[in-house]
Amino acid sequence: MRDFVLPDIGEGLVEAEIVAWLVAEGEQVGLDDPLVEVETDKTVVVMPAPVAGIVVRHGAAAGETIKVGSVLAVIDDGSEEGAPPPAESVPPPADDEIPDAEVDPPLVGSFGKGATTLGRRIEVVRAESSRVLALPLVRKLARDQGVDLGSISGSGSGGQITRADIMAAVEAKADQAVPVAARKAAPTVAGPDAEVIPMSKLRRTIAERMSQSWAEIPRVTTFDEVDASRLLQARKALSLRHGQNITLEALVVKAVVPALVEFPEFNATVSGDDLVVHRRHHIAVAVDTPNGLMIPVVHDAGQLTVLEIAAEIVRLATGAADRTLGADDMSGGTFTVSNIGAVGGGHGTPIVPLGTTAILSVGRAKDSAVVRNGAVVVAPMMPLSLSYDHRVIDGALGRKFVARLLENLAEPALFLA
Amino acid sequence: MRNILDLEGRLVGEAPIDIDTTRRLYRALVETRAYDKKGTTLQRQGRLATYAPLLGQEAAQVGSAAALDPHDWMVATYRDAGAMWMQGYPWEVLLLSRSGDERGGRPPVHVDVLPPSITVGAHMIHAVGISWAEKLQGTDRIAITYFGDGATSEGDFHEAMNFAGVFKTPTVFLCQNNGYAISMPRERQTASDTIAQKADAYGMVGEQVDGNDLFAVYASTKEAVDRARAGEGATLIEAVTYRVGPHTTNDDPGRYRDPEEERMALDRDPIERVRRYLEHEGAWDTDWEESVQAKASTTIERAVELAESLSPPSPEDIFGAVYEEMSPDLRRQFEQVES
Numbered sequence: 001m002r003d004f005v006l007p008d009i010g011e012g013l014v015e016a017e018i019v020a021w022l023v024a025e026g027e028q029v030g031l032d033d034p035l036v037e038v039e040t041d042k043t044v045v046v047m048p049a050p051v052a053g054i055v056v057r058h059g060a061a062a063g064e065t066i067k068v069g070s071v072l073a074v075i076d077d078g079s080e081e082g083a084p085p086p087a088e089s090v091p092p093p094a095d096d097e098i099p100d101a102e103v104d105p106p107l108v109g110s111f112g113k114g115a116t117t118l119g120r121r122i123e124v125v126r127a128e129s130s131r132v133l134a135l136p137l138v139r140k141l142a143r144d145q146g147v148d149l150g151s152i153s154g155s156g157s158g159g160q161i162t163r164a165d166i167m168a169a170v171e172a173k174a175d176q177a178v179p180v181a182a183r184k185a186a187p188t189v190a191g192p193d194a195e196v197i198p199m200s201k202l203r204r205t206i207a208e209r210m211s212q213s214w215a216e217i218p219r220v221t222t223f224d225e226v227d228a229s230r231l232l233q234a235r236k237a238l239s240l241r242h243g244q245n246i247t248l249e250a251l252v253v254k255a256v257v258p259a260l261v262e263f264p265e266f267n268a269t270v271s272g273d274d275l276v277v278h279r280r281h282h283i284a285v286a287v288d289t290p291n292g293l294m295i296p297v298v299h300d301a302g303q304l305t306v307l308e309i310a311a312e313i314v315r316l317a318t319g320a321a322d323r324t325l326g327a328d329d330m331s332g333g334t335f336t337v338s339n340i341g342a343v344g345g346g347h348g349t350p351i352v353p354l355g356t357t358a359i360l361s362v363g364r365a366k367d368s369a370v371v372r373n374g375a376v377v378v379a380p381m382m383p384l385s386l387s388y389d390h391r392v393i394d395g396a397l398g399r400k401f402v403a404r405l406l407e408n409l410a411e412p413a414l415f416l417a
Numbered sequence: 418m419r420n421i422l423d424l425e426g427r428l429v430g431e432a433p434i435d436i437d438t439t440r441r442l443y444r445a446l447v448e449t450r451a452y453d454k455k456g457t458t459l460q461r462q463g464r465l466a467t468y469a470p471l472l473g474q475e476a477a478q479v480g481s482a483a484a485l486d487p488h489d490w491m492v493a494t495y496r497d498a499g500a501m502w503m504q505g506y507p508w509e510v511l512l513l514s515r516s517g518d519e520r521g522g523r524p525p526v527h528v529d530v531l532p533p534s535i536t537v538g539a540h541m542i543h544a545v546g547i548s549w550a551e552k553l554q555g556t557d558r559i560a561i562t563y564f565g566d567g568a569t570s571e572g573d574f575h576e577a578m579n580f581a582g583v584f585k586t587p588t589v590f591l592c593q594n595n596g597y598a599i600s601m602p603r604e605r606q607t608a609s610d611t612i613a614q615k616a617d618a619y620g621m622v623g624e625q626v627d628g629n630d631l632f633a634v635y636a637s638t639k640e641a642v643d644r645a646r647a648g649e650g651a652t653l654i655e656a657v658t659y660r661v662g663p664h665t666t667n668d669d670p671g672r673y674r675d676p677e678e679e680r681m682a683l684d685r686d687p688i689e690r691v692r693r694y695l696e697h698e699g700a701w702d703t704d705w706e707e708s709v710q711a712k713a714s715t716t717i718e719r720a721v722e723l724a725e726s727l728s729p730p731s732p733e734d735i736f737g738a739v740y741e742e743m744s745p746d747l748r749r750q751f752e753q754v755e756s
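Chains as they are written, first to last, in our numbering: chain A, 1 to 417; chain B, 418 to 756.
Source of the hints: derived by calculation from the structure; they are not laboratory data.
The beta-carbon is built from N, C-alpha and C at its ideal position, and this holds for glycine as well.
Do not take every clue at face value.
A few chain A residues that don't get close to chain B, going by computed Cβ distances all over 10 Å [stated by the list, open to error]:
#	residue
1	LEU238
2	GLY319
3	PRO380
Here's a subset of chain B near chain A, in silico, CB distances under 7 Å, partners left out [unchecked claim]:
#	residue
4	THR458
5	ARG461
6	GLN462
7	GLY463
8	ASN667
9	ASP669
10	GLN753
11	VAL754
Make the full structure from the sequences, and use the hints.
Printed below as a string of structure tokens:
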């Protein structure tokens with residue numbers, strides 16, 4: 001059984017899309033025969049099978065994207081699981097002798113059995129399996145963090161150890177209930193009037209992510225207010241009709257999705273030099289818990305009704321407080337809504353969560369004097385603060401997004417329809 | 418343009434080699450193509466780094482290299498595996514050179530072929546220097562250098578040609594004009610009608626030959642080699658061929674040339690031409706063809722096996738490959754990797 005791993009067939013390729021499988025699962029493929037067509041960012045390439053055998057499994061279906069280093073196909077070539085590739089089974093030649101390749105004497109050259117250079121200069125041994133693969137920078141990071149490279153397994157291509165692997169190892173070590181103070185390079189100094197409180201794991205995670213976002217994402221925040229009278233009316237009517245408390249947050253999430261559809265840059269991830277635009281809308285909602293801020297995710301909010309979103313937020317908020325949410329509930333957010341109004345907040349300057357490009361903070365609606373048609377009227381004005389990643393979203397686009405959001409929130413019929 | 422075999426494999430001039438030699442060179446053409454096909458395949462399987470196919474250029478390489486003596490020098494490029502192998506560079510070492518292994522640059526000691534040059538054009542100067550040194554030492558060894566149409570636009574081409582012309586060095590400049598420098602077509606490479614005519618400016622002989630005609634390439638190169646050995650100086654040969662494949666495995670020619678062009682190139686296939694000739698001469702049949710193909714395939718598979726059975730290069734192999742003594746900066750990097 002052999003895993004055919006997607007190689008970097010370009011120069012620095014990270015992923016490719018499966019165009020078509022040329023050999024179905026369960027079918028026979030010959031050595032070097034065309035197996036699958038993949039599309040890279042440059043061109044469509046036919047990938048030949050590295051061994052002959054039965055194609056046991058496709059690593060991904062046509063239309064799917066597959067990362068370099070992940071299994072493209074599993075081929076049963078009759079070898080046992082985990083057996084070394086055939087190349088390694090070639091017996092090493094004697095020390096001072098070129099392997100008998102039965103090469104005809106070249107037509108005019110004179111390379112033949114008598115030549116010994118190759119055999120002498122190149123040590124022929126079985127490939128080492130214990131070899132640690134890591135870039136110099138990663139090695140340095142490991143040294144700085146006191147991580148033994150031999151003790152961790154790499155998640156990168158060909159088992160290469162990545163920065164993320166090192167950081168994960170560091171975090172795992174930190175989890176072993178080592179007091180924070182003990183881990184710090186410099187001891188924490190506290191006078192008699194102060195108390196040292198070790199940060200919880202959650203707090204440390206929050207701290208790390210906030211710092212990272214702050215360092216990486218140049219964000220700008222745009223402020224606005226919307227007349228929430230109709231939104232509040234709709235909320236009340238829906239709650240009465242369904243006998244269920246429809247939170248304002250649920251309505252905001254529902255109102256955000258159509259704006260994200262229209263402006264996909266706000267539902268995206270910056271990845272190196274690329275902007276990855278997500279087709280689905282997984283809305284993270286900020287939840288205040290006794291332990292600190294958590295942001296569980298309403299998955300595929302675009303497919304849910306307001307009632308379903310409301311119920312989901314209740315489930316997530318309860319789970320967050322109980323610390324019973326699974327990893328699925330806590331990850332994959334593509335846009336974040338923070339209802340700071342729930343705790344009485346107004347405007348704010350939220351920090352864009354890592355892996356996303358924007359966050360909307362909604363303040364508490366409060367009766368204000370508003371000038372309308374030359375007269376001062378009283379209206380419940382709800383503060384909105386939108387922070388976004390200025391690397392990929394320009395100010396004008398930010399305003400357009402907010403304008404569409406204001407329109408929806410001012411007239412719920414527009415998004416509830 | 419010099420021609421000896423027409424597209425149908427019929428002689429339009431005098432055959433420069435006998436039937437037995439032609440059959441041996443036919444084997445070499447087939448083996449070169451088998452290597453080339455395997456090279457692309459291995460790259461797609463993640464077993465070789467970027468590979469530059471020579472498909473369609475087999476006769477230009479095999480035919481020219483066949484005109485050399487075993488002790489002649491060869492200074493070629495990343496697309497010249499066929500010529501390099503003819504002069505003794507083993508297939509397995511050529512494979513190593515395409516897998517990021519420094520050992521790919523070390524052929525057996527008696528093989529006077531320099532490692533393939535990746536830098537376009539710089540190596541032509543080396544060939545001139547080597548052949549000049551041989552001349553100064555009074556030997557009869559010559560140097561042949563391979564390059565493409567694109568390389569003739571490099572300053573190095575002028576320097577090499579000029580020096581070779583003035584010092585009458587025993588050098589053969591073998592330009593494989595394959596129509597493209599990556600995506601740049603020959604028409605935009607130079608305003609000259611031919612590349613061969615550039616020889617005039619340097620006071621040397623220049624000749625344009627059909628690069629897909631094994632006999633014409635052989636004959637032309639043989640004359641150039643003989644002239645060089647006789648102390649009559651350098652020659653520029655323009656072998657007009659066609660790069661049937663992409664520039665490298667990381668290139669998509671569909672973006673800059675008409676696929677029809679590639680189909681037309683099939684009619685000019687250099688190997689099929691020799692096959693037809695042998696058939697006309699009663700020196701080819703299907704049994705023999707099968708044995709030639711099988712032999713080529715076995716040889717290349719063995720070379721792959723051998724190349725892949727080697728232990729991966731150590732960091733020291735990589736850092737120590739270029740300088741006799743590492744620079745302080747290089748040593749620091751090396752120590753960082755080792756730690």
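Exercise. Identify every previously stated hint that the structure contradicts and give their numbers, smallest first.
Key: Of the numbered hints, all hold.
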